[in-house]
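Enquirer: For the sequence shown, numbering that gives the first Met the number 0 begins at 0 and goes up steadily by one.
For the record, the hints were derived by calculation from the structure and aren't laboratory data. All C-beta atoms in this analysis are idealised placements derived from N, C-alpha and C, irrespective of residue type, glycine included. Do not take every clue at face value.
Computed Cβ-Cβ distance ranges for the label pairs, DEER-style [unchecked claim]: (1) R267 / G71: 48 to 58 Å; (2) R430 / G353: 47 to 57 Å; (3) G423 / I204: 44 to 54 Å; (4) D344 / I204: 44 to 54 Å; (5) D403 / S381: 18 to 28 Å; (6) A312 / S343: 50 to 60 Å; (7) G353 / A128: 17 to 27 Å; (8) I146 / G423: 51 to 61 Å; (9) E77 / S381: 26 to 36 Å.
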Amino acid sequence: MESATKPGEATATNGATATNGATATAETFDVYRPADGSVMRTVEITSPAKVAETVAAARAAQKEWEAIGFGGRKVWLERLRDWIFDNQDHLDEVMQQETGKVRADAALEAFYCVDAINFWNDQGPKWLADEVVTPHVPILRTKRHKIVYRPYGVVGLISPWNFPVILSLGDAIPALVAGNAAVVKPSEITPLTLMEIERGWKEDIGGPDVFHVVNGVAETAGALIDEVDYLQFTGSERTGKLVMKRAAETLTPVSLELGGKDPMIVTRDADIERAVNATAWGGLINTGQICISIERVYVEEPIYDEFVEKLKAKVETLRQGADGDSYTAEVGAMTSPAQIDIVSDHVEDARAKGARILTGGRKKEGPGDWYEPTVIADADHSMKVMTDETFGPVIPVMKVKSVDEAVELANDTRYGLGSSVFAGDPEEGERIARRIEAGHCNVNDVLVNYNVLSLPMGGWKNSGIGVRHGAQGIRRFCHTEALTVPRMKQTKNEPMWFPYNARKRNFLRRVYRLMNARGRKRFKG
0 MESATKPGEA TATNGATATN GATATAETFD VYRPADGSVM RTVEITSPAK VAETVAAARA
60 AQKEWEAIGF GGRKVWLERL RDWIFDNQDH LDEVMQQETG KVRADAALEA FYCVDAINFW
120 NDQGPKWLAD EVVTPHVPIL RTKRHKIVYR PYGVVGLISP WNFPVILSLG DAIPALVAGN
180 AAVVKPSEIT PLTLMEIERG WKEDIGGPDV FHVVNGVAET AGALIDEVDY LQFTGSERTG
240 KLVMKRAAET LTPVSLELGG KDPMIVTRDA DIERAVNATA WGGLINTGQI CISIERVYVE
300 EPIYDEFVEK LKAKVETLRQ GADGDSYTAE VGAMTSPAQI DIVSDHVEDA RAKGARILTG
360 GRKKEGPGDW YEPTVIADAD HSMKVMTDET FGPVIPVMKV KSVDEAVELA NDTRYGLGSS
420 VFAGDPEEGE RIARRIEAGH CNVNDVLVNY NVLSLPMGGW KNSGIGVRHG AQGIRRFCHT
480 EALTVPRMKQ TKNEPMWFPY NARKRNFLRR VYRLMNARGR KRFKG
């Protein structure tokens with residue numbers, strides 16, 4: 000899930016940068032309400048010197064945090080979980096105002112985080128326990144061999160504007176469970192909910208000094224990369240490359256979750272009603288601002304006309320607006336004005352190249368950042384909307400003659416984050432899924448994989464490096480240390496140690512022949 004706009008892409012005053020067209024100075028930036036364009040709050044930029052000071056404080060606290068063990072860390076994280084429950088209405092309200100989400104989408108962020116706290120508290124100790132390794136040859140079994148997982152120290156997280164808490168605190172949780180401290184730089188467009196959580200951790204809970212938020216744009220992000228021991232970045236492909244280049248200067252390990260152009264394939268024997276409902280939700284949840292949303296749909300020719308008509312009808316039933324806590328809308332505002340320009344460009348490009356705009360296709364007039372839910376028929380790969388990440392409330396549909404053609408087109412992309420297949424026979428759906436070049440595929444469903452925290456979530460191709468979730472999702476925040484420990488009393492010298500002589504050489508040759516040769520050759524020579 001990522002921001003399609005690079006942090007620091009638009010230049011503001013006095014050398015500061017912002018992606019939302021906000022007024023900024025060298026010391027502050029404004030956070031706007033996408034619903035009406037009004038200013039919510041002015042936030043102080045964290046200077047590079049302050050970033051270094053913050054990371055140093057986190058590093059000092061991390062040693063004790065690691066030392067209290069899984070049980071001690073669990074107590075503090077459960078207090079955070081309960082604080083989120085107690086303050087969810089307030090957090091949802093702040094989230095909704097700074098992102099433009101409808102309330103149902105805003106509430107998902109807290110739901111995810113409390114579930115993640117329980118999950119990582121339960122699974123972390125198991126996945127980070129010492130692993131005993133059995134050597135492949137008997138002679139090495141005179142020692143005990145282990146893999147030990149040890150935290151990096153301070154984990155830095157740079158998160159985007161589309162899911163400001165899931166993609167920041169959601170990654171910080173496994174890092175903290177593993178014994179790291181965490182320092183997060185949220186998007187300058189949407190920092191406020193995470194700042195509230197930081198305040199709750201420090202002031203209401205009184206938690207250890209291992210969770211911090213720093214604010215700013217490119218300069219702040221660069222300083223964070225320079226100071227931390229490990230970095231998780233979620234954002235655009237373009238910015239991910241810059242982050243990796245900056246991290247290379249200090250050999251800081253990184254994981255990157257970048258762009259997506261996730262395909263859906265609908266076969267001729269699929270349940271059309273379910274496929275249509277899934278497409279509408281999977282393409283328009285969070286106003287289409289999800290990197291694993293349905294960004295392009297390939298439908299076999301025999302059901303194509305019925306599918307696009309039903310999808311048009313479904314989307315036209317959706318309500319768009321700012322619903323407060325009334326749950327009276329399905330589609331909200333777009334979070335970044337800059338993203339509306341990309342969406343508009345993709346739609347107009349498709350229109351000019353012969354696609355049919357079945358519904359929507361326009362930015363709404365008036366205050367705020369609103370783009371209509373849009374369905375495009377007769378799309379093809381000459382159009383940006385089928386090849387570049389749109390990241391908005393737009394669903395393009397293309398007719399295909401066969402599953403083979405659909406798979407070929409689905410794989411015709413530099414991205415490989417997610418995908419979906421709808422087929423009448425789930426086993427056939429799985430066979431198709433295994434041909435798609437992506438980090439995950441949902442058969443007869445959409446987006447559900449993200450809620451299965453035991454499954455790795457990562458991308459192929461230009462969609463990223465590394466994964467979140469699953470055992471790899473917490474082990475990435477740890478060094479591995481290999482230990483060998485004697486099982487019994489040892490001699491003063493080993494056969495392979497000095498001095499060398501012919502007797503030792505002949506003995507070792509016989510031993511290695513017995514271990515490695517096969518058949519009669521084991522007993523020759």
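Enquirer: Holds or violated: the 18 to 28 Å window for the beta-carbon distance between D403 and S381?
Expert: With Cβ atoms ~20 Å apart, the hint holds.
Enquirer: Could one say that the CB atoms of A312 and S343 fall in the range 50 to 60 Å?
Expert: This hint is violated: roughly 24 Å between Cβ atoms.
Enquirer: Honestly, do R267 and G71 meet the 48 to 58 Å range at C-beta?
Expert: 57 Å Cβ-Cβ, so the 48 to 58 Å window holds.
Enquirer: Is the distance from the Cβ of I146 to the Cβ of G423 consistent with 51 to 61 Å?
Expert: 45 Å, violated
Enquirer: Is the hinted range of 44 to 54 Å satisfied by the C-beta distance from G423 to I204?
Expert: Hint holds: Cβ distance 51 Å, inside 44 to 54 Å.
Enquirer: Kindly confirm whether 17 to 27 Å is satisfied by the beta carbon distance between G353 and A128.
Expert: 58 Å, violated
Enquirer: Evaluate the given range 26 to 36 Å for the C-beta pair formed by E77 and S381.
Expert: 53 Å, violated
Enquirer: Can you tell me whether the CB distance of D344 to I204 sits inside 44 to 54 Å?
Expert: Hint holds: Cβ distance 45 Å, inside 44 to 54 Å.
Enquirer: Taking the Cβ atom of R430 and the Cβ atom of G353, is their distance within the range 47 to 57 Å?
Expert: 33 Å, violated
Going down the numbered hints, you'll see the structure goes against 2, 6, 7, 8, 9, while the others check out.
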